[in-house]
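Can you build the whole structure from these sequences, using the hints too?
Below are the chains, spelled out letter by letter.
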Amino acid sequence: MAGPANWISQIAAVTKFGLLSMPQRRGSVSAAAFGIAGVVAVLVGVLSIAAGFRNAMSASGSPDAALVLRSGADSEMVSGLGRPSTRIIADAPGVARTAAGPLASAELFVIISLPKISTGSDVNVPLRGVERAALLVRDKMKIVDGRMFDWGKNEVIVGLGAAREFSGLRVGDRIKVGRYDWPVVGVFTAGGGAAESEIWSDAAVLQAAYNRGDSFQSVYVRLKSPDSFNAFKDALTTDPRLSAEVMRQTDYFADQSTAVTKLITTLGYLIASLMAVGAVFGALNTMYSSVSARTREIATLRALGFGSGAVVVSVMLESVVLALLGGAIGAVLSYVVFNGFHTATMNWQSFSQITFSLAVTPQLLVQGVVWATLIGAIGGLFPAIRAARQPIAAALREL
Amino acid sequence: MKFAYLIWSNLRRKKTRTVLTLLSIVVAFILFGFLSAIKQALTGGVVLEGANRLIVRHKVSIIQLLPQSYQQRMQRIAGVAAATHQTWFGGIYQDPKNFFMQTPVVPEEFLDMHPEFVVPADQRKAWLETRTGAIVGRKTAERFNWKIGDKVPIKSTIWSQKDGSFLWTFDVVGFYDGRDKNTDTTALFFRYDYFDEARRPGWGKGQVGWYTIRVTDPSRAAEVAKLVDAEFENSSAETKTEPEGAFVQSWANQIGDIALITASILGAVFFTILLVTGNTISQSVRERTGELGVLKAIGFTNAQVLGLVLAESCLLALLGGIVGLGLAWFLTSRGDPTGGLLPLFFFPVHDVLIGVGLSLVLGLVTGLFPALQAMRLRVAEALRRI
Amino acid sequence: MSEPSGNGGALVIVDGVEKVFHRGSEDIEVLKDLHLKVPAGEFLALMGPSGSGKSTLLNLIGGLDRPTRGTVSIAGERVDELSDRRLAAWRARHIGFVFQLYNLLPVLTAERNVELPLLLTHLSKAERRQHVAAALEMVGLSQRAHHYPRQLSGGEQQRVGIARGIVTDPTLLLCDEPTGDLDRKAGDEVLNLLQALNREHGKTIIMVTHDPHASARASRTVYLNKGQLTNEQMA
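Residue numbers (my numbering), protein chains in the order written: chain A, 1 to 399; chain B, 1 to 386; chain C, 1 to 235.
Heads up, a few of these hints could be off.
Unchecked claim - For lysine-lysine, the following DSSO-like pairs were computed, each having C-alpha atoms within a straight-line distance of at most 27 Å:
hint, chain 1, residue 1, chain 2, residue 2
1, B, Lys226, A, Lys176
2, B, Lys240, A, Lys176
3, B, Lys59, A, Lys176
4, A, Lys233, B, Lys97
5, B, Lys97, A, Lys262
6, B, Lys2, B, Lys15
7, A, Lys153, A, Lys142
8, B, Lys2, C, Lys125
9, B, Lys39, A, Lys262
10, B, Lys181, B, Lys97
11, A, Lys262, B, Lys155
12, A, Lys176, B, Lys205
13, B, Lys97, B, Lys147
14, B, Lys97, B, Lys155
15, B, Lys97, B, Lys151
16, B, Lys59, A, Lys153
17, A, Lys233, B, Lys155
18, B, Lys181, B, Lys39
Said to hold, decoys possible - Listed next, the stretches of chain B that the computed footprint assigns to chain A, with coverage defined by at least 3 CB atoms under 8 Å from CB atoms of chain A:
hint, segment
19, 22–29
20, 54–64
21, 268–277
Stated by the list, open to error - Part of the chain B face toward chain C, derived, beta carbon under 10 Å:
hint, residue
22, Phe3
23, Tyr5
24, Ser9
25, Asn10
26, Gly290
27, Val294
28, Leu295
29, Gly299
30, Phe300
31, Thr301
32, Gln304
33, Arg378
34, Val379
35, Ala380
36, Leu383
Calculated from the structure, these hints are not laboratory results.
Model, not experiment: these values are computed from the prediction.
Cβ atoms here follow ideal geometry from the backbone N, Cα and C, with glycine treated the same way.
What follows is the structure, given as structure tokens:
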């Protein structure tokens with residue numbers, strides 16, 4: 001028997017016969033394909049929740065931005081910094097400056113109860129008090145509806161995500177802060193980051209409403225460059241007047257998202273794995289029936305001289321092609337249904353909602369394809385071996 | 001029942017195919033079990049007792065504190081049997097990943113309010129006698145291997161002591177178990193008097209996080225809730241009072257519409273299993289056209305042939321379903337697969353029964369179309385097809 | 001033994017029967033104006049070239065199909081008028097079938113295959129067992145009762161088929177090319193059996209065949225050609 005070229009043409013021939021016979025076995029072929037499509041869709045769908053959440057968190061910070069909390073606090077909510085401390089932080093080395101002063105915003109972080117539109121029940125929405133420099137510290141900030149709030153007035157602006165997910169946050173609505181109603185005067189975006197889940201106001205005004213005196217919870221600064229971070233951090237941590245925790249914004253947000261991301265990812269893989277096992281059984285079923293329906297045909301080919309190796313490879317190939325078809329359907333389905341879907345969930349560490357969009361990333365789609373291929377390969381392996389091992393004479397006789 | 005043998009024999013026909021289909025069904029029901037457990041973990045924290053309890057929190061925000069003086073005023077309201085308070089401590093034990101709730105409480109009041117926490121009498125007494133004492137839920141105690149007499153250091157992220165330190169140490173004086181399967185036994189409870197006295201002045205002293213109220217008449221719970229809120233309207237800290245069930249549910253709702261998500265996933269799973277199983281049954285009926293023709297020739301009626309095919313598909317589905325549900329039960333009883341992120345993890349009996357029902361429905365749906373086809377077979381044609 | 005009917009002792013009366021099949025837009029007339037009487041206790045052979053309609057006629061007699069025109073009466077009952085459900089019950093009681101390809105259920109043992117028609121009766125398990133044993137004894141296969149069809153030779157499978165056909169003691173035994181798939185020796189065994197059932201037990205048998213050796217064993221042979229009976233021959 002001649003070399004590889006011959007072998008490949010053998011494989012091509014057997015595979016072609018197999019693929020051509022698929023319309024006859026429409027039922028089991030579509031069952032297997034849709035089974036695999038289901039696995040891929042669920043896997044990609046669930047993981048896109050985690051991916052979207054992570055995206056929202058990582059879009060929230062830039063590498064040249066830093067955040068300072070009280071030492072020991074793992075989130076803004078439980079942190080506390082007095083005015084003197086915030087001044088020290090704003091004047092520290094490494095902080096970018098403009099003519100108006102250092103790019104530092106001492107901020108307040110509280111939560112208020114608002115109804116979530118999708119479930120109708122109350123959720124915790126972040127309410128942040130900021131200083132003037134905040135707009136420059138968070139450079140991706142943009143007002144998209146209405147206007148910025150006036151400093152010193154009891155007014156708020158809301159993030160786009162918050163306006164979408166929680167009721168009563170359109171321009172012109174009023175929300176209850178402390179004892180009074182404050183009007184919503186504008187809607188803003190922040191490059192898709194966590195800030196879009198928040199409601200913002202003037203820190204000074206919020207302090208008054210919450211009886212915070214002159215204390216804050218965090219300071220957001222913009223550094224001269226990403227490399228200035230170390231100098232900035234060292235200066236603050238060695239200062240005896242302060243007891244502070246200094247981190248890059250990107251690290252802070254990544255940290256905040258770990259619990260939720262871990263939960264979703266674990267559950268997502270658990271569910272998808274079980275589904276994949278089920279899909280393997282479905283694929284095995286299909287391929288076994290494919291092979292047995294073509295017993296005589298395969299035996300004839302082998303009697304004519306086609307090698308059993310070629311038979312094995314082509315049966316597996318057929319199975320993989322089928323699986324990839326199913327996987328493609330599943331991938332397209334999950335992209336269409338899930339990508340960009342807006343939702344919100346709770347960030348356990350800050351006890352408040354984060355709004356985000358599901359993200360069907362290229363990596364997820366690749367993962368889906370890989371899973372589909374694996375399912376197809378396993379589903380085709382055993383039937384392939386059986387097809388190649390059948391005694392030719394008996395198979396030829398089979399009715 | 002005399003047909004049982006016939007039905008059973010037909011399933012033993014292409015063994016590989018039957019086994020594979022059976023396994024897909026088993027897998028689907030294992031998934032069902034896991035999803036039920038997850039749903040239960042995220043939404044099922046309401047205990048029986050919760051029906052006659054209300055939660056009172058600050059109206060504007062859960063993180064704002066309420067005066068401790070409210071307790072007396074609450075207890076004077078008609079319909080209120082008792083009130084007690086708790087405060088979020090926000091502590092970390094060694095590593096933020098080791099998350100569990102800790103709150104200061106007034107021991108006697110608290111245990112009376114929560115009969116689902118079962119504490120042996122001697123441990124209860126020890127707690128009343130030890131100011132720095134704490135009782136720990138069985139689950140957490142086992143997780144960290146704590147024994148009575150251990151000193152547990154917890155770093156609060158919120159509360160510091162008079163000396164400025166955020167580190168608090170408690171003495172483990174007892175453990176509590178849950179009376180119901182649903183009861184969360186992960187929390188640690190310590191004494192409020194120690195907490196209030198030791199916490200830094202000017203930092204929320206004399207203030208508490210939230211109140212739990214027991215009502216005298218559960219059917220009047222909503223009324224009493226309104227009365228409580230009315231009592232504190234226009235004061236410095238307005239309240240929002242709601243039944244404990246609603247309160248717990250709203251926490252779950254903060255995560256998302258869990259019920260919808262699990263239902264959607266299950267829908268996708270069952271749809272694909274339906275396809276696989278339905279296809280198998282259809283195939284096996286098509287292969288047996290001749291045999292079914294013979295049965296009809298012998299004198300089996302249309303209804304009987306229909307019944308045979310349906311019985312086969314139902315038997316297959318039930319078998320797979322029961323095995324799957326059984327395995328799910330076994331696997332979920334091994335505990336939380338996320339390693340501690342979920343407070344409870346078990347497969348509720350009520351959902352097991354739903355699962356059995358679902359498997360029957362699966363059998364009927366997958367078998368119906370092929371069964372109808374079999375029923376409509378023209379005998380002479382069927383015999384010719386052999 | 002079946003009782004003679006009131007119509008001149010004829011058990012089976014086929015009167016003016018026509019059968020037309022619709023294939024797409026075509027109408028194929030398979031049987032034309034057929035008249036046939038079969039007295040009780042007869043062993044009738046139906047012969048003819050393929051396509052002559054003999055299997056169709058057998059199906060009509062056996063209640064597996066209905067004539068387009070005409071009547072079919074068996075033991076005084078108008079079979080062509082029965083509803084599907086009544087027909088099924090009627091077949092269970094009155095007809096035994098023997099097929100060319102045996103048509104045994106491969107998942108059942110010989111014993112269980114023979115038992116099948118009895119599942120439609122109200123007999124108890126013990127009574128069913130008895131009848132099955134008797135039928136297998138009659139065809140000489142008692143010792144193969146627990147074997148599956150794949151473990152039996154062609155001739156043995158057909159004999160099991162015959163046992164299944166007689167286990168309910170039916171009024172009529174209908175055989176469609178019973179020896180068509182067997183070699184000479186096995187075929188002879190089957191024909192011996194059919195003859196014995198007819199001569200010693202008085203079973204009325206109608207057998208479709210194209211083998212003259214088979215028809216020679218019958219008491220009467222009729223010929224079909226293009227859907228009509230031609231000359232008759234007495235044995």
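Now for the hints, and whether the structure bears them out:
1. Lys226/B - Lys176/A: Roughly 19 Å between the alpha carbons, so the hint for Lys226/B and Lys176/A holds.
2. Lys240/B - Lys176/A: Within the cut-off at roughly 14 Å; holds.
3. Lys59/B - Lys176/A: Answer holds: Lys59/B to Lys176/A is near 10 Å, not above 27 Å.
4. Lys233/A - Lys97/B: holds, 25 Å
5. Lys97/B - Lys262/A: The hint holds at about 11 Å.
6. Lys2/B - Lys15/B: holds, 22 Å
7. Lys153/A - Lys142/A: holds, 20 Å
8. Lys2/B - Lys125/C: Holds, at roughly 8 Å.
9. Lys39/B - Lys262/A: holds, 17 Å
10. Lys181/B - Lys97/B: Roughly 25 Å between the alpha carbons, so the hint for Lys181/B and Lys97/B holds.
11. Lys262/A - Lys155/B: holds, 24 Å
12. Lys176/A - Lys205/B: holds, 26 Å
13. Lys97/B - Lys147/B: holds, 21 Å
14. Lys97/B - Lys155/B: holds, 13 Å
15. Lys97/B - Lys151/B: holds, 20 Å
16. Lys59/B - Lys153/A: Holds: Lys59/B and Lys153/A sit about 23 Å apart, inside 27 Å.
17. Lys233/A - Lys155/B: holds, 23 Å
18. Lys181/B - Lys39/B: Distance of about 15 Å is within 27 Å: holds.
19. 22–29: That given contact holds, which follows from 4 residues of the segment 22–29 of chain B lying within Cβ reach (below 8 Å) of chain A.
20. 54–64: holds (count 6)
21. 268–277: It holds, with 7 qualifying residues against the three required.
22. Phe3: holds, 6 Å
23. Tyr5: holds, 7 Å
24. Ser9: holds, 4 Å
25. Asn10: With a closest approach of 6 Å, the Asn10/B hint holds.
26. Gly290: holds, 7 Å
27. Val294: holds, 5 Å
28. Leu295: Where the cut-off is 10 Å and the nearest Cβ of chain C is about 7 Å from Leu295/B, the hint holds.
29. Gly299: holds, 3 Å
30. Phe300: Result: holds, 6 Å to nearest chain C Cβ.
31. Thr301: Holds. Min distance 4 Å.
32. Gln304: holds, 8 Å
33. Arg378: holds, 8 Å
34. Val379: holds, 5 Å
35. Ala380: holds, 5 Å
36. Leu383: Holds - the Cβ of Leu383/B comes within 10 Å of chain C, reaching about 7 Å at its closest.
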